[in-house]
Amino acid sequence: MDERSDATLMAGILAGDQSALGVLYDRHADAVFRLSYRLLGDRGLAEEVLQETILAVWNRAELYDPRIASLPAWLMTIARNRSVDRLRARGRRPALLSLSAAGGSAGSDGAALDAALAGGRLVAAAPMPPEPEAVVDAAGIRETVLAALAGLPADERRAIELAYYGELSQSEIAERLGWPLGTVKTRTRRALLRLRGTLAETLGPELGARVAPTPLPGEAPPGGIDGPR
Amino acid sequence: MDHAEARERLADALLAPRDGGLESALADPSATGVELRAHLAACAPCSRELDALRAIGALLATAAPDSLAAPPSLRERVMAAVGETGAPAAAPIPLRPRRRLLPLVAAMAAVVVLVAGLAGGLALVGQRQEADRQVAELGDLMAATQAILADPAFVRIDLAGPGGSGSVLIGSSSGRLVAFSSTLPALPAGLRYECFIERGGVRTWIGWMHWSPDLAYWSGPVSGIALPWRPGDRFLVTEGRDGVPVLVGGS
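Same order as they appear, the protein sequences are chains V and L. When we follow our numbering, the leftmost residue of the first sequence carries the number 1, and every step to the right adds one. When we follow our numbering, the leftmost residue of the second sequence carries the number 1001, and every step to the right adds one.
I should point out that these hints are in silico values taken from the structure, not numbers from a laboratory. Here the structure is a predicted model, which means the values were calculated and not measured. Be aware that a few hints might be false.
[Said to hold, decoys possible] Computed from the model, here is a short list of chain L residues facing chain V with C-beta under 7 angstroms:
| id | residue |
| --- | --- |
| 1 | 1011 |
| 2 | 1018 |
| 3 | 1056 |
| 4 | 1059 |
| 5 | 1060 |
| 6 | 1074 |
| 7 | 1078 |
| 8 | 1080 |
| 9 | 1226 |
Where a beta carbon is used, it is the ideal one built from N, C-alpha and C, also for glycine.
Working from the sequences, and respecting the hints, build out all of it.
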């Protein structure tokens, strides 16, 4: 294992040493990828952001100032900003960013984005957020989702985790767990329903309402009367 | 397609991220995809259900396990992309002369346009931070352009129309696309230039163009429509999401 410090690596990168960049990649790529994925919810886009982050380090290493931020914090700031750019470019409301960064108030998306970005724009911006992942963690959203997942029956949790995080198809889940395909379908759907129900209750009124099942036309809204028996 | 079928399709798609998830299901060119889009366009409750599932997807992503790692194959691709860009800049100006001259006239034209836009920006803006931002963004655009030009199967499309002219570069194997124009006039606040790909009469929104003085551009990976570019595809730039095309290109 290469034991050069981050500062030494950055000096090497400034001098055009690609092997130093490779070591930096090995050391920090997974964390950058994870942050981007958590923000974007899309592996392909998270891969793009990771690549752009590494390229930004290579092309603008001279802008890094260790007196302002640690190297991981700098990398995370680049990755976060690139992720937010993508959310914005796709015209998608950054649901979690707006709610956490704006302190849960119902401000406009633009204001929330600006608040989220207040920590600095791109690599040249000086101020760094105290903790890059605070964007996601500020409102305790991640913990709430983790708790909702933990509260699922074990089989259902397994099914949804393998499908969503493991990116396995239903057939592959059936094969891995030795379940009939129909059972996999049932358990993943039940897991999703149960998860939505829990999150609708635990995420607070604004976000909770946004994930609650939408009644079909003519149906009573959730929480209403059960209907004729 | 009825409500239950549409919702089942959406829920299944959400839990199939390897197949592209919800966005892929929405862009599905098959009959099922067409029916799904038609149902969602006509059914407000199911459209809200789609929004709710998107939010669920975003929430699930926040809880991605700490064991989640970048795919091992990505390292090689990233380092190859780094190799393409040459040595890092020694001076604090990202838009340095590249070591390797780009092989195509098209590429040179693109770079000239970018640098012209940059110079205009620096002269007009006068604020260091804004200038830095534009330099950084244009540097990214140049890097993306070069990456696409390195793609052996890249496609170039010339745009023309009431807005003047522009170019689109598509890396067919990478799925990346860069679109830019130096002739589009500035738009009033609240209105943006929007990019679409039209295939088989169906328009897929790609994104809105960023604006630096004298240069409108969009750069990024294309989602919502499968690349490579196909014969008959058209690229459109409109004023606002529902506006008329000001630039059009493709066969």
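### Query
Looking at the structure, which of the earlier hints fail to hold?
The structure breaks hints 8, 9; every other hint is satisfied.
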